[in-house]
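Asker: Working from the sequences, and respecting the hints, build out all of it.
In full-length UniProt numbering, the protein residues as written are 1 to 709.
Be careful, since some hints might not be right.
Stated by the list, open to error - Derived PhoX-like pairs (lysine-lysine); straight-line CA-CA distance at most 25 Å: (1) Lys633 to Lys620; (2) Lys355 to Lys340; (3) Lys44 to Lys87; (4) Lys583 to Lys620; (5) Lys112 to Lys441; (6) Lys583 to Lys633; (7) Lys596 to Lys620; (8) Lys52 to Lys340; (9) Lys355 to Lys123; (10) Lys489 to Lys117; (11) Lys87 to Lys61; (12) Lys369 to Lys52; (13) Lys441 to Lys489; (14) Lys52 to Lys87; (15) Lys117 to Lys103; (16) Lys356 to Lys61.
It should be emphasised that the hints constitute simulated quantities derived from the structure, not laboratory data.
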Amino acid sequence: MATNLVKRVPGYRFEDGSSTPATMNVFQHLVLEDAEGETRWYFKYFLGHDHKNIIGLVDEKPFLVSAVLTDQDNNGNLQWRLIRWRKEGSERLCLPFLEKDKKELASGDMLKVFGIKNADKVKEVLDPDVQEDLLVLEEQEGAVNFKFGILYAKPGQRTDDEMFSNNDPSPAFNEFVEALGTKVDLKGFDKFRGGLDVKTGTTGTHSIWTSYHGHQIMFHVSTMLPFSADNAQQLERKRHLGNDIVTIVFVDGDASTPYEPLFDPDEIKSHFIHVNAIVRYDPSRQQYLLNMATKDCVNEYGPPLPNPAVFSHKADLREFLLVKLMNGEKASYSAPVFLKKMERTLDTLLGETQKKFMAGNQTPPVTLKMHEVGQILRVKRIQSGLAPTSRVDAGSSAWAPVTVVDGFSNGTIVCGALWGERVVIATTAGVFVTHGDLCQKIIDKQSIVQLTVIERPGLLICRSNKSGKGGHVYVFPLDLLLIGNAVPKGRCKKFKIGKSSDCHLYAVGEWETETHFSGALKLCVAVRNRVLVFEHIGPVVTGQFKMVQELLTPDPPSVISFCDNNNRVVVGFRTEFDLITLKGSQIRELFVADGKVNPLQAIPVDNEVLLCYNHLSVFKDFVGKTSRNYDLKWTAVPSAVAYHVPFVCGFAAETIEIRTLINGKLVASVPAPGNKYLTTTPDAVLYTTTVNGRVDIVRLAFDVWLSSA
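Answerer: Okay, here's the thing in structure tokens:
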């Protein structure tokens, strides 16, 4: 049962772990959102390398676009990385490099990629010193190092004046503080000081400092900052903690002390504090209790608090708190007070850069000079501790792909699915089942281009295709496929679903029962501009799919998907997505684009639909309204998108980009050369990789998020 440590006041979002599934083990896998290794592209890929920068005006406002051709982090394959610099923050995209392409992007192409129209005074910047300006621009979008406040509250204290006046912390508080980091002597301290005085001792003699996966963190501990007996408000202490974005409040007390009064976040008078972590130690159980209070204007961030939100080990609490608070500070940058300040700063810097490099003639730089200037800047940043060196993964290897089929060689893989520990693979040579080193053909000489395994009831649904024509949908009992020889092409007709001739797409709905499906399992089949809806009637093996509805669409669908407990179907066309309510056959526009959409997928997410097209994935509710305050903006156009709670994966040519569903932030880019997405199951995503002609089938596991209990 959740323990409440915080007073529920308006203007805040509260977390106590009660909304987290009890099966989720958040201790095993913590991820830093928008880790600098994934987002600081200019430092990582451009700085000191030959690259192109163009500058200009759009509606009299300055812009900058940078492009570099690099094979770094792309399995040795060249690709274009581009950055658009603007006051709202940088935008990053990847483009494939083709052998026929020139090794320099034209300025017009660089503008076109970002949809920049009517640009004026476009000019290439040749001066290598522009690297300093661009590096400063990138550094404005978030800190590498952090400063967090720690406020000590005694039992019964309500106001911040009382808490800031505490000068004699308990052993429990001291033990908690020293678990977070190392007690350091401030005089002469040569690492990140977080604004504290390291020369004359005006901010105290000691503090708590730590480093975590490339980040340095200085804690502003209230009891370690100077105390003034003549100042009831303790302004020197408030000056430091009040200017922090994140504060930890340690509420003291023993087992006999009730959790009253509850901590009131409004009692801390600060325009800057947006994230409060409230900690209390229970000595009777030797556990730390944790609650969070975050201002409503801050986007949601992870990881979720465990259920229950208690920590028996200080090391677990430290690791969880550091990741949670770093993600919380990053999320706070979207709050109006910080966002407006960042936009003003970026706007000013862009204007200064535009004036500096638009004037006068420029001498084309020598590549060596560009390299020298960039390397000097890189060394300076590393020596100062400001280099973006953080890693996404805060625990063991966060995303560890496991090869389940090593070197598959039975034809070109078209699609696939998991069947327990087996993998079902459709290729140009037929359909195979692999298990360990064994590989058995189960369907012979049939061109299968789409398949689904419904494991517990034991059905294989698949679609054939003829070149230039449609195909058929078939339903096979799984047990039958493992008996004897492979099903020959001629015998497949026995398992064909009637009225599915000439189909080009199908979708399977959700199901609940394991042995009897009457009305529960639904299937929709696209045949030209018709969508046919089927229901499974009768027992699994002897039952059959019966057509119950026919829907007409304006064009042949390229995407179909069930949602809303199989009561609605999302249909994607060339320029829009529509939502069809099966009862009454009502059609509603869900999303209409200005230009061509290239619909990729429509993925149901509870009471929403994730519509995937081009390099975007957007959330819509069932009336077509945008249901979240963020979109998923993939850095490269994906060939497939997979949803696996709480992540969404975008499959680009050489990498899998993983974003959290909590706020859309990037948490990992997993190398996956020549990948092809196959399927998603409750505990994994299955795909293929191809390296030097060798094809492996790979499983990206997510069960680290689930408790082993």
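Asker: Run every hint past the structure and note whether it holds.
Answerer: Here is what the structure says about each hint:
no.: 1; hint: Lys633 to Lys620; result: holds (15 Å)
no.: 2; hint: Lys355 to Lys340; result: holds (23 Å)
no.: 3; hint: Lys44 to Lys87; result: holds (21 Å)
no.: 4; hint: Lys583 to Lys620; result: holds (20 Å)
no.: 5; hint: Lys112 to Lys441; result: violated (48 Å)
no.: 6; hint: Lys583 to Lys633; result: violated (34 Å)
no.: 7; hint: Lys596 to Lys620; result: holds (19 Å)
no.: 8; hint: Lys52 to Lys340; result: violated (29 Å)
no.: 9; hint: Lys355 to Lys123; result: holds (12 Å)
no.: 10; hint: Lys489 to Lys117; result: violated (54 Å)
no.: 11; hint: Lys87 to Lys61; result: holds (10 Å)
no.: 12; hint: Lys369 to Lys52; result: holds (14 Å)
no.: 13; hint: Lys441 to Lys489; result: holds (12 Å)
no.: 14; hint: Lys52 to Lys87; result: holds (20 Å)
no.: 15; hint: Lys117 to Lys103; result: holds (24 Å)
no.: 16; hint: Lys356 to Lys61; result: holds (15 Å)
The structure fails to meet hints 5, 6, 8, 10 from the earlier list, while all remaining hints are met.
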